[in-house]
Amino acid sequence: MAEFLSAIEKTSSNFSNILYGTTDSLSEELDKGTKGDIYLFSLTFTLCITFASVVSSGGNPVSTRAMLANAGVLAAGLSVVGSLGLVSLCGVKFVSLVGIMPFLIIGIGVDDMFLLMSSWSEAISEKIFVDRKSAVAAHLGATFASAGIGITVTSLTDFVTFIIGTTSTFRSVTNFSIYTGVAVLFCYICQASFFGGCLSLHTRRVLSQRHFLTCMKTKSRKELKEKGKSSCVAVICGGSIPQSPRDDESICEKLPRLTIPKLVINSVGRVVIIVGFLGYLAASIYGVINLPQGLVLYNLVPKSSYYHSFLVLNEEHFPSHLPVAFVVDGQVDYSGNDGDQLRLLISLAQNYSLMVPNFQRCWLTDYVTSAYYSNTSFVNNLRDVFLPANPLYYNDVILDPTNTSIIASRCYVVSRSIRSQYDLADVMTRMRSLADDSPLHVFAYQQSFVALEQYLAVLPATLQMVGVAIAVIFVVCVVFLLHPFMVVLVTITVAMILVGIFGFMYYWDTPLSSITMIHLVMSVGFSVDFSAHVCSAYLVSDASTRKERAHDAISHAASAIFNGGVSSLLGVILLVFSDSYIFISFFRIMVLVIGFGMLHAVLFLPAVLSLIGPQNSQIGASAPMTDSTGQSDDITMTSCKNAPTGHGKSDNNDITRSKNAPGGQNPADDNYDTSRENAAGESGQDKETYKNLVHECKTIKEANPSLNSANEIYLQPISKTGNGEDDDHCKILMESLNIKHMIADSIFEGIGYLNYEKKFWDVNIHVKGQRFCCHRVLLASVSKFFENNLAPDNKKNYPFNVFIINDNVTPQLFGSLLEILHTGKDPVTVESVKDYLKMSAYLQIDFLTKYCESFLMNNFTANNVLSFWKFAQAHSLPNVAKICYTWAAEHIDILPQDELLSLPKSMLLIILSLQKKLSMDAVCQTILSWVEIDLDKRQTYLEELLPFVCFPHLSPSYLFDLSCNLRYQLNDVLCGGISQGVEFYLKGICGNDANIQMQILAQQTVKLQLPDIAPCCVAIGVKTEMNSSPQGIYTISTKTCCPLAPVPKNPGLHFASCTWQNAIYLSGGVTQPNFFAVYRPGDNQWQELPDLPGNGRAQHAMAAVNSCIYVIGGSLSKRRFPNNRQPSSVLKYDLKSSTWHDFCILPEDVLEATAAVLGHRIYLFGGVNSDLVQCVDTCGCSAYTAGYLPCTLTLRALSNGGIIYVVLSPKEILRMWETF
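As numbered in this note's numbering, residues 1 to 1220 make up the sequence shown, in order.
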């Protein structure tokens, strides 16, 4: 075939034009035309990137989103590549229709990108309260919370639409739907992940005030000008974080936002829009009624193709006689009854009105009427005589490999000259019906039947898929939009858009066909895109009236819709230059979809919503207070003359306050005063209603605790007696009222009334999707968090939106907090106190934290105190933790044993250091029982816990039991303690040797209340003019100081010291960097130990763990090393073997750091110009960075009772504990 085409293409004539075609020309030229226009995708991609960059180039070099827009287009491109690769890998054939998929996905992706960037611009200017490290995540959360519904609804509807398209009976439509559906899904994933990641980087860059191109930190243009920079440098290099959504908008974004709402939200504009859309709908319906169906074959072929000219001239000059072949498949008895049935079938076909009655080309008819026919040698004569004499039928009869039987054959009939495609479809239907009715295994075939099938299937298939798609969209909108009116409105809008598309196809000469069918099904998903954006924006608007909400909705979505629509049009605009009918029809449908979708979204929907849209339902911040008992007692109170109310109004009438009476008054009661209703008016009644709710079941005594006992009689419920006693009562009460209480009550009632009336709300707090309308001054007055973050804003329109994104603040808790502030209701219970503590700690509400602490103090039990303590440690609530462990230490004897033994080591250390109730035997047994719970792991902690045991004070029987327990014999500290206890008892007590007793007791580390042993502090000092360093001991109880034995050598400045088992170890120093010695208080003597290895240390730290001394960091001697090089190694001295070893390397060298021990870990804090917290793990022989300090000062740290106290300044101390 290729050789024929090549040869005839080279053939030319001077007298005529040669037009030609083959049976494969249609499919070949169709593929060639489609694939030849693929280059347009690269141009479209470039055009979309350019447009997105221009539209997003507003603002300044910090706030501009130009680079971010490129990432959005790239995300769409990645989804195209991913879809083509994955679906092709799964074996789905690439058909010509798939060529339009990239243009479609680019439009969808860019539309989602513009919506996300618009929401980001609004989120970046809002106040979102999170920790500084979580700022990026918080802004991204607010962005996707705002735009997530829109892009999810549109992507889901598009995806479901193409899933429905896979059910089509047309294979090309099915394959196209598979490729495009996967691409839509990938586009959604790429926008949420890839573009979301780029959005995260962009947010971090903007919040860090970095230049969009260089990513270097910069200053605002004003600051650069103040520093003397030129205006050019300031414009090119200067920038700042946007303070409002308008700050980083370009003219392309501002223009739709400023113009469209003015055109739509006014009376004249709405009338013109509705009338115009009624005319549009009438014209569309007319076009739908007259919309033609079918597909002219030559339209499928590019006009530049040889086959296009052939088809055009063939249709113009030659009659369309359609040859139809009846193909018999399989072996049949042509010489008998089967042959008769075939000839009957041919005769019936010829008798059809649209067929030529006297024409057929059938080998069987001619063979039977020929002289060569023989019933006995049917196949032999056919093969050997008839076919050679009639070569025309060679291709109509297929013999088996042995040439003894016929396995297939065909006969032709021809139609009349037919111009109408519908008549041709009737011919196809009739011929197929005759073949189906025949008892033979026969079927009718004609090459053009493939194209003619659409006339039968395209309309039902289109209506079916469009209907199912609309139904699915309805379900999706129900799930995501939630509001019934909005769901119905979006569905009606989609139907109107589809009617317009179908109708205007008639005016644009685009008939309904198998190709335009998939475009129409696709348009269902696109039709909902813009409508969903507007409706979701309308629902989240905070405005109170329909008109204002519609204005907010179109202002929010106008620029995203306009720019997204324009970008989608740019994505297909280049297809107008294509030669492919598939691309051209796709361009026409997309123009109609985008154009009508934009018009409905920015004109029709706002006009309708401003007229009949749903009203706003504000989320109230308070709820009516209810009695905890659920009863409805009537309480009659005397209203004092001249007493202040919520807004300064006063009266001398009695009020009966009842839960069941409307407005807080009972008309059936004798005390109901109608003059109040007439005088106060409606607002006065509302105010009194709220006051009644707030003060229900409260007495004046509860509100004014300063009243003396003489006035208590007047606090009981009384009734009006009419004898003038009320005035006397009021005078007595007024004399006892404090002005502060009056002011507080007035403010409390006034704020509550304003909240009840929904007046002066100036901030909307959003907590996990729920909105609370609040008074900013009230929040700032009770919370340092809100005081610091709710600063005055440049925005003129209130209320504005702020977001709190933290797991400790839930909508239920925040609503309860507002109820506390407005009504004084106490919602704290044992079950909820933890949640309120977490919220109050995060929001820095001191009164609520103190109240919860007080609540805990009054509700501690032995069964819950340890769980509250664990909670306080887990959530960094030091005050609560202190209350818990103090109470637990005081009541250690009644704590549940299983809970006590399940405590982590750090918490057990704290309790042991504070408790004073347990005997020494009980302390030791508690420690050993705790270790036995997990012996393999906890046995390593014995050296930290056993110093709380004074072994000489253990009872002899308990000592005997310990000495017989072989499970702990391998622990040196335990064995040494038992030996000391036994020696103290046998030699000291039984042997009555006081010296032995004192020597052993002096070695104990536990705090002892003994008359002859007092707690002391040892101070070691340095005098540079002397050869030795003095030291003294300070007795805390007697507040006296006396000198001790001097240090053998003067170490000079910057030595280090630590303690281990009542001995003081000293090392290094400027003058003696290798010096190492120990001081034993019992002997009042120093002992020099092996020198520090190498060149010694100065400005280092020391710590002792498990009978080992560790020398950490510092510097080498300046005398030996003038450059003062800092070693980063950690040295270890083993007290048992008296040897030094290199232990590990620090992550960072430090000078003059301070060390403290928790368990087997040594924590190194700060140092000169360092804010690091480094940890040396003595069990793991390693060191790592554990955290950072808030400053770089040289600090001091102390470990006591499982807690490290780090001194930053005389007024600031950090506290740290481990959680294991």
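The set of hints was computed from the structure by calculation and includes no laboratory data. Since this is a predicted model, take the numbers as computed values, not measurements. Mixed in with the good hints, there may be bad ones.
Quick list of the computed label-pair ranges, beta carbon to beta carbon [said to hold, decoys possible]:
no., residue 1, residue 2, range
1, 374, 91, 22 to 30 Å
2, 464, 508, 57 to 65 Å
3, 230, 874, 38 to 46 Å
4, 209, 230, 48 to 56 Å
5, 874, 987, 20 to 28 Å
6, 20, 93, 44 to 52 Å
7, 826, 1180, 47 to 55 Å
8, 135, 830, 33 to 41 Å
With a Cα cut of at most 25 Å, we get these calculated SDA-like pairs of lysine to any residue [what the hints assert, rightly or not]:
no., residue 1, residue 2
9, 1132, 1060
10, 758, 859
11, 882, 1196
12, 547, 760
13, 93, 82
14, 870, 904
15, 834, 810
16, 1136, 1196
17, 825, 846
18, 254, 57
19, 882, 936
20, 1136, 1152
21, 1136, 936
22, 768, 749
23, 1136, 1086
24, 916, 863
25, 758, 539
26, 219, 201
27, 303, 330
28, 254, 475
29, 1132, 1152
30, 217, 236
31, 758, 745
32, 1132, 1104
33, 262, 279
34, 850, 883
35, 222, 262
36, 93, 57
Ideal Cβ placement from N, Cα and C applies to all residues, glycine included.
Against the structure, the hints come out as follows:
no. : hint                     : result
1   : 374 <-> 91: 22 to 30 Å   : violated, 52 Å
2   : 464 <-> 508: 57 to 65 Å  : violated, 24 Å
3   : 230 <-> 874: 38 to 46 Å  : violated, 56 Å
4   : 209 <-> 230: 48 to 56 Å  : violated, 20 Å
5   : 874 <-> 987: 20 to 28 Å  : violated, 49 Å
6   : 20 <-> 93: 44 to 52 Å    : violated, 28 Å
7   : 826 <-> 1180: 47 to 55 Å : holds, 50 Å
8   : 135 <-> 830: 33 to 41 Å  : holds, 36 Å
9   : 1132 <-> 1060            : holds, 14 Å
10  : 758 <-> 859              : violated, 37 Å
11  : 882 <-> 1196             : holds, 22 Å
12  : 547 <-> 760              : holds, 21 Å
13  : 93 <-> 82                : holds, 16 Å
14  : 870 <-> 904              : holds, 9 Å
15  : 834 <-> 810              : holds, 13 Å
16  : 1136 <-> 1196            : violated, 29 Å
17  : 825 <-> 846              : holds, 17 Å
18  : 254 <-> 57               : holds, 12 Å
19  : 882 <-> 936              : violated, 31 Å
20  : 1136 <-> 1152            : violated, 28 Å
21  : 1136 <-> 936             : holds, 23 Å
22  : 768 <-> 749              : violated, 29 Å
23  : 1136 <-> 1086            : holds, 18 Å
24  : 916 <-> 863              : holds, 20 Å
25  : 758 <-> 539              : holds, 20 Å
26  : 219 <-> 201              : holds, 19 Å
27  : 303 <-> 330              : violated, 42 Å
28  : 254 <-> 475              : violated, 35 Å
29  : 1132 <-> 1152            : holds, 18 Å
30  : 217 <-> 236              : holds, 13 Å
31  : 758 <-> 745              : holds, 20 Å
32  : 1132 <-> 1104            : holds, 9 Å
33  : 262 <-> 279              : holds, 23 Å
34  : 850 <-> 883              : holds, 11 Å
35  : 222 <-> 262              : violated, 34 Å
36  : 93 <-> 57                : violated, 41 Å
Of the numbered hints stated above, those contradicted by the structure are hints 1, 2, 3, 4, 5, 6, 10, 16, 19, 20, 22, 27, 28, 35, 36, listed in ascending order.
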